[in-house]
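Peer 1: The lines below spell out each chain.
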Amino acid sequence: MKTVTLTVNGQSEKLTLAPHRTLLDILREDLGLTGAKRGCEAGECGACTVILNGKPVNSCLVLAVELDGAEVLTVEGLGGPEGLDPLQQAFVDNFALQCGYCTPGMILMGKALLAQNPRPSEAEVKEFISGNLCRCTGYENIVKAIMAVAAGGERHG
Amino acid sequence: MAEHRVLGKSVPRQDAVDKVTGAARFVDDIQFGPSLLHAKILRSPHPHARILAIDTAEAAKVPGVKAIVTGRDCRHYIGLYLADRTVYATDKVRFVGEPVAGVAADSIEAANEAVKLIKVEYEPLPGVFDPVSGALGRDVLVHETPASSDLWWQGLPCITTKAPGTLLHEHLGEYTCAPFIHPVPGTNISNHFKLRKGDIDRGFAAADVVVENVYTLPHIQHSQIEPHAAVAQVDRAGKVTLWASSQSPNAVRKLIATAFELPMSKIRVITPYVGGGFGGKAGVTCEALVVPLAMRLPGYHVKLTLTREEVFQATFVRQGLVARLKTGADKTGRLVALEAELFWDGGAYTEYGVNITRSGGYCSSGPYEIPNIKTDSYCVYTNHPVGGPMRGFGMPEIHWGIEQQMDILAEKLGIDPLAFRRMNALREGSLGAFGGPMEGATLVDTIDAVAAKCGWGGPVPSASTAHKLRGRGIACMYKAPSMPPNAQSSAIIKLNEDGTAHVLTTAMEIGQGSLTALAQIAAEELGLAADKVVVTLPDTDYTPYEWQTVASRISYSAGNAVLAAARDAKAQLLAVAAQVLAIPATDLVIADGQIFPLANPARKLAVSDIAMGYLLPEGAIGGPVIGRGAFIPAGITGLDKETGQGDKPAAFWTYGTQVADIEVDARTGEITVLKVTAAYEVGKIINPAMCKGQVQGGIVQGLGSALYEHLVLVDGKPLNSDFVDYKIPTATDTPEMDIILLETSPQADGPFGVKGIAEPTMVPTAPAIANAVYHATGVRILDLPLSAEKVLAALKKKQTREN
Chain A
1 MKTVTLTVNG
11 QSEKLTLAPH
21 RTLLDILRED
31 LGLTGAKRGC
41 EAGECGACTV
51 ILNGKPVNSC
61 LVLAVELDGA
71 EVLTVEGLGG
81 PEGLDPLQQA
91 FVDNFALQCG
101 YCTPGMILMG
111 KALLAQNPRP
121 SEAEVKEFIS
131 GNLCRCTGYE
141 NIVKAIMAVA
151 AGGERHG
Chain B
1 MAEHRVLGKS
11 VPRQDAVDKV
21 TGAARFVDDI
31 QFGPSLLHAK
41 ILRSPHPHAR
51 ILAIDTAEAA
61 KVPGVKAIVT
71 GRDCRHYIGL
81 YLADRTVYAT
91 DKVRFVGEPV
101 AGVAADSIEA
111 ANEAVKLIKV
121 EYEPLPGVFD
131 PVSGALGRDV
141 LVHETPASSD
151 LWWQGLPCIT
161 TKAPGTLLHE
171 HLGEYTCAPF
181 IHPVPGTNIS
191 NHFKLRKGDI
201 DRGFAAADVV
211 VENVYTLPHI
221 QHSQIEPHAA
231 VAQVDRAGKV
241 TLWASSQSPN
251 AVRKLIATAF
261 ELPMSKIRVI
271 TPYVGGGFGG
281 KAGVTCEALV
291 VPLAMRLPGY
301 HVKLTLTREE
311 VFQATFVRQG
321 LVARLKTGAD
331 KTGRLVALEA
341 ELFWDGGAYT
351 EYGVNITRSG
361 GYCSSGPYEI
371 PNIKTDSYCV
381 YTNHPVGGPM
391 RGFGMPEIHW
401 GIEQQMDILA
411 EKLGIDPLAF
421 RRMNALREGS
431 LGAFGGPMEG
441 ATLVDTIDAV
451 AAKCGWGGPV
461 PSASTAHKLR
471 GRGIACMYKA
481 PSMPPNAQSS
491 AIIKLNEDGT
501 AHVLTTAMEI
511 GQGSLTALAQ
521 IAAEELGLAA
531 DKVVVTLPDT
541 DYTPYEWQTV
551 ASRISYSAGN
561 AVLAAARDAK
571 AQLLAVAAQV
581 LAIPATDLVI
591 ADGQIFPLAN
601 PARKLAVSDI
611 AMGYLLPEGA
621 IGGPVIGRGA
631 FIPAGITGLD
641 KETGQGDKPA
651 AFWTYGTQVA
661 DIEVDARTGE
671 ITVLKVTAAY
681 EVGKIINPAM
691 CKGQVQGGIV
701 QGLGSALYEH
711 LVLVDGKPLN
721 SDFVDYKIPT
731 ATDTPEMDII
741 LLETSPQADG
751 PFGVKGIAEP
761 TMVPTAPAIA
771 NAVYHATGVR
781 ILDLPLSAEK
791 VLAALKKKQT
801 REN
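Which chain is which? The protein sequence lines are A and B, in order.
Its first residue numbered 1, the first sequence is counted upward by one per residue in the numbering used here.
Its first residue numbered 1, the second sequence is counted upward by one per residue in the numbering used here.
None of these hints come from the bench; they were simulated from the model.
Think of the CB as a built atom: it goes at the ideal place given N, C-alpha and C, for glycine as much as any other residue.
Among the hints, a few may not be true.
Claimed, not checked - Derived coverage of chain B by chain A (criterion: at least 3 residues anywhere in the stretch with Cβ under 8 Å from a Cβ of chain A; other residues may be distant):
#1 174-183
#2 219-227
#3 275-287
#4 434-440
#5 582-594
Claimed, not checked - With a cut-off of at most 20 Å between alpha-carbon atoms, the simulated EDC-like pairs for lysine to aspartate or glutamate come out as follows:
#6 B:Lys9 x A:Asp93
#7 B:Lys331 x B:Asp208
#8 B:Lys675 x A:Glu44
#9 B:Lys412 x B:Asp208
#10 A:Lys2 x B:Glu109
#11 B:Lys727 x A:Glu41
#12 A:Lys126 x B:Glu736
#13 B:Lys727 x A:Asp93
#14 A:Lys144 x B:Asp541
#15 B:Lys798 x B:Asp665
#16 B:Lys194 x B:Asp647
#17 B:Lys727 x A:Glu44
#18 A:Lys126 x B:Asp738
#19 A:Lys144 x B:Asp738
#20 B:Lys790 x B:Glu802
#21 B:Lys675 x A:Glu122
#22 B:Lys494 x B:Asp445
#23 B:Lys119 x B:Asp55
#24 A:Lys126 x A:Glu44
#25 A:Lys2 x A:Glu66
#26 B:Lys675 x A:Glu127
#27 B:Lys326 x B:Asp783
Next comes chain B alone, as it looks inside the complex:
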């Protein structure tokens, strides 16, 4: 493999000095002076209600109030994959916290006062508060649901069957949606993803051991430390400029164009640094709310910064899930059949969530080869907060069940759980759940790496005190980027007079280090030092198109666009250099800002001497060097609507394994995660320190979701919308982390072999901890989180049983 000079090195983050000095600007930091107005949003107190009347007359009289808008001002439906929502509620409200009206005023106090004075008359409607009963839709449809949805959940403690007769979206069938999304009109099912591989009956007939369980996960919140914020300004010519804390500048522009019938050329989205995303700032969240206010107030800057409570209630949450998994293996330990029913609690609007249902469906085997599969994955409307993308996009959710099924099966078969996984792992050429061949399937490498590192199979150290129980658990994972098959990236590289370069992309720096990673890719190809290349933050008027910064796809997809742009710029430099030096371009190389023939490095030209062209005696040649690059992943195919079968639903797959060492306090049920050993295969590492940082952050986020994160919803009302009652991990909660990064299978179409890493890092943590709890205590918990209360209750129950 070629020696890299910049790639694979832990070069300092491009944004580090900005961020340690306080110079880094986030949306709320931008100063707009006297033209600044403050927006506040009136939100629904009801989980489901018809809006009968809205009276804003009193509110409008509050001194300082400049404008009030409601659903009347923006009636167009928008959505990323399914256009099912309006910017403000129109006919109905469908979750507590849904925007009903917006106020712009010259102070926050005046805006708050006005919000209180808006009178809304509601007719409360029955609500749908769990996805299983919600999936049934109207009573009359019960008998029309597929036989597989027979009332298997009756009597299970985790399910309530309240209010089965309520429809959330009466016009579901009229909503426009992406061709690979399949709503079921007349129900609350906004996407039904079906997968049929092999012969499920023959599969189970061949099974010697069958394990069936229902696994549940609650809603959790991304809890980025920066609350969502947006500022809109409309100039006298009607041009909209939006400063947004967003992962998706181009998607924001597109959806706002649709919502307000504007040409995209009249919308400019500027995204400064984003204080954490994790999916919660993808698509459109609060950005559109300020636009109609700004449209009424030309010249003013209308700013909305969400409160922490609003972030918890009114931005995307991770969807809840009820997963019934029935898994069969033969006595040699081979997986032979899987039946999966996945009920995703999509919340009130599932414009984004429908695609999570699809990913969860076509990945429902987990990283294992299973010849016979029947999966039904339902995205279900409920009167809960809006479900959306969150780190892992369905994978932490489905692996929660899959990885416990593996342990349970292994135990029944008397096989070591690691060996059982290794035996069934997807390998090169294995057929995935979707029927196509897996490429670059490196799960076994990560299993072996973790096993060696943590000493799997050896003795587990004894507990620190007598009342503590020590355990060790393993979980594996795979994940592909979930995106439309044609998700595009593009890049422009401008060479400057001094031989430095600017890279223009609309890839978003959300903390993952994209500025630095993309600079390293460009610098490597252009033969420049990493610090000579600067990647700019997005401004859709000036930076070229990027679909979204999601799906762990930026290093791969935007990286490919940047690499193509760098090659283009390099070709231009070499063409001029070839003429100046009278040496064929093919004999020239660029390194450290110098262009020279390999055979005679002394005969060199500086990049800075030709970046703007070159003046030869016979006249000028070349010109300012501008490289352009674009990328769409090749060969991604659709999946059959009835069988979910196809060749290649995603660009690449990242594999990983984690082992958790834990202690359970038998007196309190409290779990302490002592150590997590993790291995990921990432194709090619761009920046080892940043890559490792992703794994550290993902493990700790996974730990939070495992032990305590749970947005408590009672009849649709969130009860813990702050950091006191919704606990996320603090520094004292972090385990020792032993991290292994492998480069065994460079991605053929990844820049320098790169695969994505950011999301996979949190996927296996929760099931690894659950498996460790079982190892320690013999107690198996199927619903997240593994709270001390729940563990203690389970321990007591087990004790009672044994006595």
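The following block holds chain A by itself, in its conformation from the complex:
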């Protein structure tokens, strides 16, 4: 067992962990943050995407004991129902979700893209989210939602 201290959605968490457990495990099971989803547990679908130290990662591929001092942002750390993040609002407005299982990962992927490239082209958006699988929407409305925030600046904020 190893003890690590990390910041999750702005909150400091001290956790004692078995070394084989993944970031996805501890988010879902120890911290009750189930926004990150289990889709494949092999880094193939992107449903468990969270932002780790500013970069999007498949949390199923990250061992939690590596995370001493790390900062993690999950979908729960974005806005809540009373004040949605502009990208969350854009997903609502653009019908960019159906079953919703890929949605938290997609939104965080979109956030990560816009943080590094606030004015992406449509092709850049598609390329950036191509590791996040969605089986329902055909992606068009997801791309639209990300582009709406990219192009709209503060409009949704």
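Mind docking chain B on chain A? Use the hints.
Peer 2: Just chain B now, with coordinates in the frame of chain A:
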């Protein structure tokens, strides 16, 4: 037409905020605390083997293991249309991945360890790995098969004839089945659907052009991003509560009641959000596996979440199909005859798949009028994963061949393929393959809409570079909901004190937007704003019966039940309001939560003031308003066992057309789908944005099935059970989509005219792309998928031939 206030508007999805904030709970998200146990399943490594012995002694000693179950613990046969399977294998295993034993332990690690220590002695048996040889059953039966099944497939490269002597289900004749399913005992044919319309010989005699081809489709996987999951808990009184990622809460309850001899009143199925269904979570999949474990461990919550590999191997797959189609037309371009032999690769158990065979059979003409038809549609047991419903329920499969036949015939006749389809399209009153008149047949509307939108007949833009070939192809489709003739829906609407309403149904939100669509129907009828009506997720103890969320039937069938419940609630509100206002109820209307006479809108009562009844000086009247509604489609008839003829086998038909613009890279064979133009006629659109979303999603799923999806099975073993080796479309694969939704023929018995749309959206995509490939290259490919390798090989072959 009456002006709608809520219906036809793109009101926001009821579940959107839940889903963008991470608040939406799926089964695996529910926290059960210290009572949670983890289940793991020991699965068969063999495609076909007899189980000689199972030894669980070592496994039981693993610390943390609480219970182990095997086929001994649940011997009852279950199935939706044909009861041919047990929860765990009993005498034999019939596919790689079949559940043999289940373990519950206090950690996943302990459960996995125990699974490894269970010893099973198998006697491997020969397997059946293709539906055509499988259909022959035992050698001795070869000469007894119908003459139409003469060995026409010999020598065709797509067919192997391995192991024809193997029977998968020796007791097929003893299985119970729905009256419209016709197993052939002593064979591997679990359903033989026969259709005989007109006179096939005279039909072909009148044909000037006849085209005959064999089309094949591999197994594909639904690939919902949420893996299947179920949690069972049995309390001390023996009540079973099941949390399930399911499209079919009531079917799960019914089949589990049968499997474990329980009264339905002692089974409660709770279905939170489902992370994608597409048919793969219909009927029973993994839900029953945890029940016998939970029965041994009262109080505990026993949870099974499938791994991605298990989802690929051990949940429903779309059945493979070998389709021989012989189609004839006269020189004026009229279709005159069709002979179809459909061999469905049903897999090891066909409890659900048998009905796909039936639908594929009675729809075997495609959306065209053909006077003479002979169809034999066989559901065949093989030692492959279990075939089940998948978006389209047989229609993507049969249209793959039908729509290429249309192009080939049109070319031979020198007729434009769009014009050829238009000429032969089912129209109002045309006789369908099943002999009955078609109602609301709007194929021509969708053909015309697509033609206008994409500029059909005009020049196709030239390719982006010299080594790319540009092409355009068309395909049409029709589909009806396939369900028992009496598939039921029901709904309850409870008015709340503040004038808001709850709608209770067991219709399942699987992403298609049923919560929002049903809320819009209720709100429209009740005169409430859409956001004042909340539709709840199913809990079979509290929500009323719904057959299943499948067949693109929810907006229609559950929608009708909700509409009836809303009318009932509205009548109760108006009766009280009439007394309070002293105005006849017939003169009153409800709008925006207010009840008033049309002639004098100022004299109004709020719904919230009377939702719980009303206190008049002379005493209270009314009471809490509860509306109830139920629906069974009227007038659906059976089909004759020998001829497949009848009046009306399905509630309604949805028609659509797609045109695909593609480029083929002549150097690599890679296909890029540039644009898909699609038109669907849906009767009445409830929510345009959601409706369009269905079409977008269906086109991209269709594109995946066209270009790369293929569950590779070698001697029954799946070789690509992950998203690296089984590719589904990503954002970079999506084409431009131009979508047209028509409301030209409101469904007479649909709520506000609604027809289903979800499944039809993927049906024509693959054949439209195949027709475009032919247009671009002159190469015609009859077996899916249109992989780059296959296209390149075909291009090279053509080049060699031409040189």
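Peer 1: So, for every hint listed, does it hold in this structure?
Peer 2: Do the hints match the structure? See the list:
1. 174-183: violated (count 0)
2. 219-227: holds (count 6)
3. 275-287: With 4 residues in contact (Cβ-Cβ under 8 Å with chain A), the coverage given for the region 275-287 of chain B holds.
4. 434-440: violated (count 0)
5. 582-594: violated (count 0)
6. B:Lys9 x A:Asp93: 13 Å, holds
7. B:Lys331 x B:Asp208: Answer holds: lysine 331 of chain B to aspartate 208 of chain B is near 6 Å, not above 20 Å.
8. B:Lys675 x A:Glu44: 27 Å, violated
9. B:Lys412 x B:Asp208: 10 Å, holds
10. A:Lys2 x B:Glu109: OK: lysine 2 of chain A and glutamate 109 of chain B at ~19 Å, within 20 Å.
11. B:Lys727 x A:Glu41: 16 Å, holds
12. A:Lys126 x B:Glu736: Holds. Lysine 126 of chain A to glutamate 736 of chain B sits at ~13 Å (cutoff 20 Å).
13. B:Lys727 x A:Asp93: Violated, at about 30 Å.
14. A:Lys144 x B:Asp541: 40 Å, violated
15. B:Lys798 x B:Asp665: 15 Å, holds
16. B:Lys194 x B:Asp647: 16 Å, holds
17. B:Lys727 x A:Glu44: 10 Å, holds
18. A:Lys126 x B:Asp738: 18 Å, holds
19. A:Lys144 x B:Asp738: 15 Å, holds
20. B:Lys790 x B:Glu802: 18 Å, holds
21. B:Lys675 x A:Glu122: 16 Å, holds
22. B:Lys494 x B:Asp445: Distance of about 40 Å is beyond 20 Å: violated.
23. B:Lys119 x B:Asp55: 5 Å, holds
24. A:Lys126 x A:Glu44: 16 Å, holds
25. A:Lys2 x A:Glu66: Satisfied, since the Cα-Cα distance of roughly 10 Å is no more than 20 Å.
26. B:Lys675 x A:Glu127: Answer holds: lysine 675 of chain B to glutamate 127 of chain A is near 18 Å, not above 20 Å.
27. B:Lys326 x B:Asp783: This hinted pair holds, its Cα atoms lying about 16 Å apart.
Checked against the numbered hints given earlier, the structure breaks hints 1, 4, 5, 8, 13, 14, 22 and satisfies all the rest.
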